[in-house]
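Engineer: As a plain string of letters, each chain reads:
There are 2 protein chains.
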Amino acid sequence: MKEFKLYDDENTLLMIPGPVPIHPRVLRALSRPIYGHRTNEFRALLTDIEKMLKPLFGTTGTVIMITGSGTAGMDAALRSFAKPGDKIISFVAGKFGERFYEIAKRISPNTVKVDIEWGKAIKPSIVEDALRKHRDTKIVTLTHNETSTGVLHPLPEISKIVKDYGALLIVDGITSVGGDYVKMDEWKVDAMVAGSQKCIGIPPGLAFVALRHEVEEYLESSTVSSSYYTDLRQYLDYWKNKNDLPFTGAVSLFYALYESLSLIHSEGLEKRILRHRRLAKITRRGIKSLGLEIFAEKGYESNTITAVRYPDNINDTDFRRIVRRYGVLIAGGQAHLKGKIFRIAHMNIIGEREILTALSVIELALRKLGFQVGSSGVQGAIDSILQFDI
Amino acid sequence: MKEFKLYDDENTLLMIPGPVPIHPRVLRALSRPIYGHRTNEFRALLTDIEKMLKPLFGTTGTVIMITGSGTAGMDAALRSFAKPGDKIISFVAGKFGERFYEIAKRISPNTVKVDIEWGKAIKPSIVEDALRKHRDTKIVTLTHNETSTGVLHPLPEISKIVKDYGALLIVDGITSVGGDYVKMDEWKVDAMVAGSQKCIGIPPGLAFVALRHEVEEYLESSTVSSSYYTDLRQYLDYWKNKNDLPFTGAVSLFYALYESLSLIHSEGLEKRILRHRRLAKITRRGIKSLGLEIFAEKGYESNTITAVRYPDNINDTDFRRIVRRYGVLIAGGQAHLKGKIFRIAHMNIIGEREILTALSVIELALRKLGFQVGSSGVQGAIDSILQFDI
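Protein sequence lines correspond, in order, to chains C and Y. Under numbering that gives the first Met the number 0, residues 0 to 389 are what the first sequence spells out, in order. Under numbering that gives the first Met the number 0, residues 0 to 389 are what the second sequence spells out, in order.
Accuracy of the hints is not assured; some may be wrong.
In the PhoX-like style, the derived pairs of lysine-lysine whose C-alpha atoms are separated by at most 20 Å in a straight line are [unchecked claim]:
| # | chain 1 | residue 1 | chain 2 | residue 2 |
| --- | --- | --- | --- | --- |
| 1 | C | Lys137 | C | Lys104 |
| 2 | Y | Lys94 | Y | Lys337 |
| 3 | Y | Lys4 | C | Lys270 |
| 4 | Y | Lys270 | C | Lys4 |
| 5 | Y | Lys112 | Y | Lys86 |
| 6 | C | Lys162 | C | Lys182 |
| 7 | C | Lys367 | Y | Lys280 |
| 8 | C | Lys270 | C | Lys53 |
| 9 | Y | Lys187 | Y | Lys159 |
| 10 | C | Lys280 | Y | Lys367 |
| 11 | Y | Lys339 | Y | Lys367 |
| 12 | Y | Lys182 | Y | Lys270 |
Everything labelled a hint here was simulated from the structure, so no lab data went into it.
Please build the complete structure, drawing on both the sequences and the hints.
Structural biologist: Listed below in structure tokens is the structure:
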């Protein structure tokens, strides 16, 4: 008999930046009997799914669906455009910017890393400086919403500059797509990556790469990719010619995806985004009420994840162990931010109720560890909720 | 397409007095393929279940399992012992005491109703007075934990008196069994009823009647019941002779029941009861912090449900609509208590997290309706949690 724990791994509120809480309707889709993946029925499902995905990226271009993690999507996006020797600039302001840089370096030794202090935004001027210095830049990589720091980088402004310099812009939108505004076509982002287990609301296992129309042709005519599994040209070829996937897809995840996208569009994408933005504001207000500080640079706070600076004398492991014991899973810091921040994700079907729950448990853990909270985080959050909801 | 609601009927925290939140492991058992109910396998399952049920009633006697609601259990228990003309005393201190009286009256016109103010406890002296007045009493009916008022009646003391007067004691334990102390053998309670959707932690659909050894024989030799489906003698006969049910049982509910009882015993019944008692204390502390009053008579507060008096100018419908909108379902008052109280259940897998969530949302709703809360209910609850958990 399994040892009893009230808040076991099936009864825990996930407020980590993916996996996220999943709607029961979506979970049920996962247990649908599996049908053949080379069938008209499955292709019809994929076609519906791809149509529903496009608006999440703000594009009329193709959305490639890869069975793999978000990193598979990043790898595919970059590797399908870049070849050894290409000048790539990777802007790194956190763990996931770093990952894009690692991928870029693996492809081309001619990769330039531009470091930005973690927690700060990648300002357009930084991008302009780098591009002015490296006029031969072919590709720029960027993280839209940096999950490790809770910063939303100013993508529209950055994109404008990248385009002025004639480079391709490949963006990791893993924790923005489906939860915040993404307008690839309008912003002229060439390729944008997303993962399934964040704001798209299903379990991990699928990655998406949306391609702007203009670059699809370019990709079709190129012979770049050094990869096989993550070569976007194969995916594009199969998609355009047969509405199919080149390799076996994770069938049940696609069933779940169809349900989740249906939910997303029944809420309405705009409403969904505004909900995420509202929840981020409520969270920040609650955190500040407790007397804690938001880690992200002011004015650039993420709408899907909030990073919070630990006060002195609060040990990360102890703190998150208590929060976990009371049934809420939040994230710690990564790399050099380990022990310095904790992170609360508010993605997918998270609502006011979950924010209040998380803030209550955080308040409990802080007090248990002897921290004198400013005032109740819940009271602050309620103040904020009441302002939104007259 | 269904209209989108974040907190729809699949994404709502149930804090009504049944149905209650169900552990995912138990929910999964509901989707087990159905097997034949007249098989050795199913009888073996029933046998295991009955063994696991006994401690919840504190009896070594038989626990009869009926497919039906809790009311079916009450009907079965009373109708199998009482016959027309029998003197029955029904103590009524709430909606469910009333129901037992309705059943009793239907069986025997010679039923005496003893009214106690709703919210107050049935004191032993009241019971003694009634029995002294009606020395020919054959059966006494009583609610152990009155769900409509949040009162836990002093069953051990009452039982002692009923036994002194030589009457049978039939008790509705629908919202106590599995969540609070029930010691039928020790207290000499003759028959005790429970339902599946309260502290036993599965969906509605099963009722249980536990019989003290001493009355089993009496029942076997009697020819009382005017019912067919709820005639306990048939159940007892099938059970004793073949470990089977007389009529087709709700097979999947028994699968779920097996899982839930396994969970209950893996936590440990004593620990589970102490958890319910702790959560009740935390809830009351939180409610008082908000500046609200507990409805139940002091010293007799239920450990599985807390009834709260509405402050002036808070409209029940408005209040509960807001609470519901933020994803928590709580109960209103019943009968003449409608609009006067609301009720928060803390049963089954409810823990500190859910209490904090409910209190947050209640605080939000009260403030939205213009009520000046005393202080944060969550802060009060956290104070209480910190006292329990050093």
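Engineer: Against this structure, judge whether each hint is valid.
Structural biologist: Against the structure, the hints come out as follows:
1. Lys137(C) to Lys104(C): holds, 14 Å
2. Lys94(Y) to Lys337(Y): Since the Cα atoms of Lys94(Y) and Lys337(Y) sit roughly 11 Å apart, the hinted pair holds (cutoff 20 Å).
3. Lys4(Y) to Lys270(C): holds, 11 Å
4. Lys270(Y) to Lys4(C): holds, 11 Å
5. Lys112(Y) to Lys86(Y): holds, 11 Å
6. Lys162(C) to Lys182(C): holds, 15 Å
7. Lys367(C) to Lys280(Y): Between Lys367(C) and Lys280(Y) the Cα gap is close to 19 Å, so the pair holds against 20 Å.
8. Lys270(C) to Lys53(C): Holds: Lys270(C) and Lys53(C) sit about 17 Å apart, inside 20 Å.
9. Lys187(Y) to Lys159(Y): Since the Cα atoms of Lys187(Y) and Lys159(Y) sit roughly 8 Å apart, the hinted pair holds (cutoff 20 Å).
10. Lys280(C) to Lys367(Y): holds, 19 Å
11. Lys339(Y) to Lys367(Y): holds, 19 Å
12. Lys182(Y) to Lys270(Y): holds, 16 Å
The structure agrees with every numbered hint stated previously.
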